[in-house]
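Undergrad: Two independent chains are provided; combine them into the complex using the hints.
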Amino acid sequence: MTNLFNYIDRPSPIHRLTGATKFVCLMLWSFAAMSTYDTRMLIGLVIGSMILFKIGRIHIKDVSFMLGFTVVFLVINSVMIYIFSPHHGTEIYGTCTYLWGTSGRFAPTAEQLFYHLNYLLKYLATIPIVLLFVCTTNPSEFAASLNKVGIKYSVAYSVALALRYIPDIQKQYHEISQAGQARGIEMTKKASMVKRIKAASGILIPLILSSMDRIEIISNAMELRGFGKEKKRTWYMGRPFKAPDILAMIGCGLLILLSVFLTFINGGRYYNPFI
Amino acid sequence: MYLIRREAIPAFLAFIMDQELLLEFRDFGFQYNAQSKPTLYDINLKLHKGERILIAGPSGCGKSTLVHCINGLIPFSYRGEMSGSLQIKGKETRDLSLFDISHTVGTVLQDSDAQFVGMTVAEDIAFALENDCVGEPDLHNRVKDAADLVGIGDFLTHAPGELSGGQKQRVSVAGVLVDDVDILIFDEPLANLDPATGKQAIELIDEMQTKTGSSVIIVEHRLEDVLHKSVDRVVLMDNGRIVADKSADELLSEQMLAECGIREPLYITALKYSGVKITPNMHPSSLRSIDLSDSDRESVCSWYRSGNSTVPPKLGDKLLEVKDIKFAYSHGARNALDGVSVDIMRGEMTAIVGTNGAGKSTFSKVICGFETQNKGTILLDGHDISDLSIKERAERIGYVMQNPNQMISKIWIYDEVALGLRTRGVPEEEIEKRVEQALKICGLWKMRKWPISALSFGQKKRVTIAAILVLNPEIIILDEPTAGQDYRHYTEIMEFLSKLNAEGITVLMITHDMHLMLEYADRAIVFSDGRIIADDKSYNILTNEEIINKASLKETSLYDLALKCGIDDGTDFVRHFIDYERENERDREVLS
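Those sequence lines, one after another, are chains A and B. For the first sequence, counting from 1, position 252 maps to 251 in numbering that gives the first Met the number 0; every step adds exactly one. For the second sequence, counting from 1, position 542 maps to 541 in numbering that gives the first Met the number 0; every step adds exactly one.
Bound conformation, chain B alone (with noise of 0.2 Å):
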């Protein structure tokens, strides 16, 4: 008797683990019907009960078909070939349906709004349940529920029309949350939102994770914004394989995040910068928890006085005056934008900011005529633009919608460029050279003969930028230009856009992204609630406390290095990392 009781401990034990792990990958991979080759291979990754991992990874990387592999839409919705094995808590997923895994595997999609399924909050929450035919009234218990986990409980009965954006990815993950999952996935869940509500989300990703005890999989490029709140190891993926599997002490410490086009936290390259060696024991995957020695402050300090301050861009003449412009949607409703007042200097490149919905597009679309505004002026060059029609100002501010496939409708990318100048009646030898110049400028001049279909998202974005320089403007306003794109990407289209700004054009960019504006803008104006309440250089505004909170900014972590090291004055300390970066960079493009 007591020796098989001896004997069942390790067959006890095993079955306890087995229990505890939820997923696991063998040599697994997946080709699309429709691919020529496959774009997972060799997949080996475990994940346990209550562990988050963070799986990041360039665009392209497999990453999504990961995701799809996990939670079932491969191979039930998207037809292709699996080899090796993927079991969800024992079972091999091809043996399941797809139905079966969302009761195991909930995904929060990446645009919340596209996913909204219900016309109101509570239907939206409830839809998981009405599948599963649960009646009353579990089913408007469970919906109120899973709504006060979340915090949404007292919006029910809203439309999703009439949430902020992290209100919408609340309703998300309560919709996910209601049917008691043991794995939640992110995919992308920083997509979209404002830097404030981006870090709520995380934050609200691993309070979810602690009250539920389900596991976590956040799909993200954004290390630095994810690693808000930790996670348990970081899967690092790359053209289909898994390359890192490890903490993300241990990632940070080598330099396999370059390599893949994966940016990290800018405070680890201050502190590269600064020669500073990182190692797993420094903890460096947090500001708050990262150890550093007197002598690494002293070499971040001694790398901040080595600077030297730049000489700031030379800028022409006032290009675009704005005067206390006035507008409302309707009649009677709020004024989107409440005596917006700027001038806008020949040869800028400047951000435009804020939440959603404090006036940022309403001000382009009023600058490009799109909607008219009710009172105010807004002057050219000196003149008054207001009796020129759309068509007309579009010849001196182009306008480029965030997303690239609102702009095209040609099937070949030669036309698409030239029909802005076709519908002006341009003769056609005129249209070639202008054509040829903006798809030079742009790097699409090999692919003038392709059509567009076959291009990436980024060269879609360059292909309608094309088709805005052909009409030769003096502005260039750009809604979101990096949105959703990786590192590299993101480099590249900035890059470019520097290279256009260094030309003579005026760029304005709208956006939400925090890097963008510290790295590639001089200037950001921020606008909150109709108004512009700050017009400064960038590093200024991301260290200012009072600003960060009202237009729901998040502040940078080169500002908490530099006090952690001793630096008094963090904004200058900011300014310096900027400068020394832009060398670098200036630097690097020479040598190559």
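The following block holds chain A by itself, in its conformation from the complex (with noise of 0.2 Å):
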């Protein structure tokens, strides 16, 4: 079964900042990286994020199924832009530039296909960042690292259980699907779709009232050991910040920085090659 948040114990100099850290670091990262299409500093994130992916010593192989799902995503996602918009590029950067002898409105141009490469560039300097967090994150550090930037402990610890339980629910759902599909309900392929989905739904029922069950017994046992008593909480996981961890932030606050100091420079967001 695959693990939403697939946390791998591999020591690296990344697995040893502290998770808030990389929570900062990953918004300020990506923030930085969506606020510019400078191509020039794209390209350097990307150089950058693929060489902290190699730090982290997470292998493709370890995220290729997130990975796959993203190129599927960006490839749709790019097909869609060309579609509805194709003279988006020309739109920005204020020339049209016809490849290849070709006019017309689905015709290639140059800004056109520069601003898709931009936008590409875009979500190989983030994604990886985002693939970093999530596999060098110990789960129960994530809750404390939501914590440590702000957000309410109680919610910070709901999404750390929600993510818990996710592997039990996905199991008590295969054990309530048998134990339906012995008295008749048909879930396989055998059965239409619409069957299927009438079928499934019979399942949630079970599923969601011994949920709710679960959901009385954790809360009591929460309550009675004192959880929400005070509006603080110290985390078992939590560590305090080491250089390593103000460094990588400073580091991750001068990319906004050069993100705003090109846009300056630029008079805009977009880096423009074509004048």
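Hints listed in this document are in silico derivations from the structure and should not be mistaken for laboratory results. Just so you know, not all the hints are guaranteed correct.
[Said to hold, decoys possible] Within a straight-line C-alpha distance of at most 30 Å, the following computed DSSO-like cross-link-like pairs (lysine-lysine) qualify: (1) B:Lys409 / A:Lys231; (2) A:Lys228 / B:Lys45; (3) B:Lys459 / A:Lys194; (4) A:Lys170 / B:Lys325; (5) A:Lys170 / B:Lys409; (6) A:Lys194 / B:Lys364; (7) A:Lys194 / B:Lys409; (8) A:Lys230 / B:Lys143; (9) B:Lys276 / B:Lys325; (10) A:Lys228 / B:Lys48; (11) B:Lys317 / B:Lys271.
TA: Here it is in structure tokens:
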């Protein structure tokens, strides 16, 4: 079963950073990558993210599922942009350079392709960092880090608990569906889609009921041990910031400054090589 | 000066006594907001420092509500009307908060799986401290100390899923002990544990009480298992009232337990059958301490000699043949079933026992077709069923899950029972006939127009059994048919299954309950590490020390009683007891 939060325990400098640091860096990095369309900076970020990926000792095969998913999404997204707005690039860069002697609404322009390149680079600069965060942050530290950046601890803990219960619920769904199949509720491909959806909803009722029981037990268990008593709480898995944490956050903060600076130099979010 | 000091002594003593009194109910009552009648009436109960008490009573007697009152869930999470007084360390609980109470009262809930809040053992133990804003290095040190105290210090970084049932419970205990509470409450600590682990759980509670000097409240209906270690008092509840609050020795000498639907220890039952009069002076609360006179022993022996061996039940032909099944959940994983071969005869009532993870559930899943074996064959009535789908097998082999809530998907009883027939396209007139029959067998006919939500847990269980029976299976497999049931419901369910069995349905029961195995199963199949390590009469298994240890079972006290009375063949004594009891049951049924 694929775990949503695929923490991989392989000691590396990135693993050693605190969850809060990684969360802050993820936010800063993504913001920097999302705010700029400066190709030079994007290329820098892509190379940077590849290097960090290597430092984090995460292999491509560890994240192949998520990566595949993003590639499909990226392709669909690009095709959609091209279909709905084939001259988006020319509007941005103000020139229109038809390639290979073609012309017309769907004819390729250098500006459009350049725009697509930038779009692709944005993804390449962000996705590895997100995956890196997911793979190098212990789920329990994740809750602690959310809390550290100012999110209420009850919310942070609910997120962590939900992540913890996903495998359990998957297992329970599996068991209930088997018992359902034994009673004749057809869930396999033999039944039509409509029938299968109807059957799945039949399984949902016992699943929800038994989950409600569990929620009552767990919330009692948490209250009995003082959850929600104080405005703050400490975290067993929380760690104090060390020098590398501070450096990492300063580094990512500088990226934001760079992005702002480039916007200022370029007179906009886009770096325009066509003028 | 001298006078003043002398006068101060009684006051000083009273002060000490007050300090000692941790918990006091005075004419206490409670009614939930959603209920029309109170759940608790006239509760008067005291708990002093260092005391251990056992609260026992049938389901619905109010013992869970009483526990909720003590740990503060009432009135802070469950709303209702309190009357009278409940003081913890001299303060009315209604003037405290749930969190104030949690520093004095620690609760270990029934299902240690469901109450795991941390991702790892260490975090779960740390939970209360985190909420209390305990900082480093205190946090780590106190977690380590608590973990060492319960003997789980080497597992701090493990995830809950990697632990055994007994280890999980140790984690829960550590998570409560870490807060230095004065009162420890254990809510049904034996539920979900195999017999040997349950025995260790009671030993752990005993050890923790001795080490920490705190008071312990155990809520459990399995009296014999709790009495493995001594308790100061047993508080017996029925219908929302405390009906007895006395020593176990006194209680076992009276009839009250049976009247409240609590099962007395088996050796006590055997002594009573033999005509021995139990008195508190005999110290009957433990077989180790019980003081039997020569004439008592003679009574037991003559009762044993009066028995005549009964005719073994007639069994039919081979119904299910399992041949050398091997199965692993994923490629390269350990074999969950490693060469299992067994024959099941038509008309058997058989128990499948063993520790969690020994392969019992996997075995039944493979038979039902939920999982497909990697190797081996399964024959039903001489025909290979490998090609049959789950749905097709279900018409011949019914499977009842442990938790009825996981099976029920309809609102009305009738629809739920009819579901399996409707999905098979059976005409409505025939459905009506077959549902009627199934409901009648299960004693649900009068309730056929009821919504399922109005039923008790035991009744829901019967609905799920009816929903399986309606397909007319030849074999019915039940996963823990009586888990979490008190003696009254246990007897009700088991008598019902015996009745089904008498009507010709083969019954296989996966169970941790040694009483069930002894009393209702003729044969027991013992699993350990994916293999069958024993397959014999239940009384032979439960008197075989080697198998008991290997499969984490628990010896029956009847065997020790026999040895204590000078009967050499303890196994045969157990057999005699079971035969005698079945005979009696039958007599009672004839009479009623």
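Undergrad: Checking each numbered hint in turn, tell me which of them this model violates, lowest number first.
TA: When the structure is compared with the hints, numbers 1, 9, 11 turn out to be violated.
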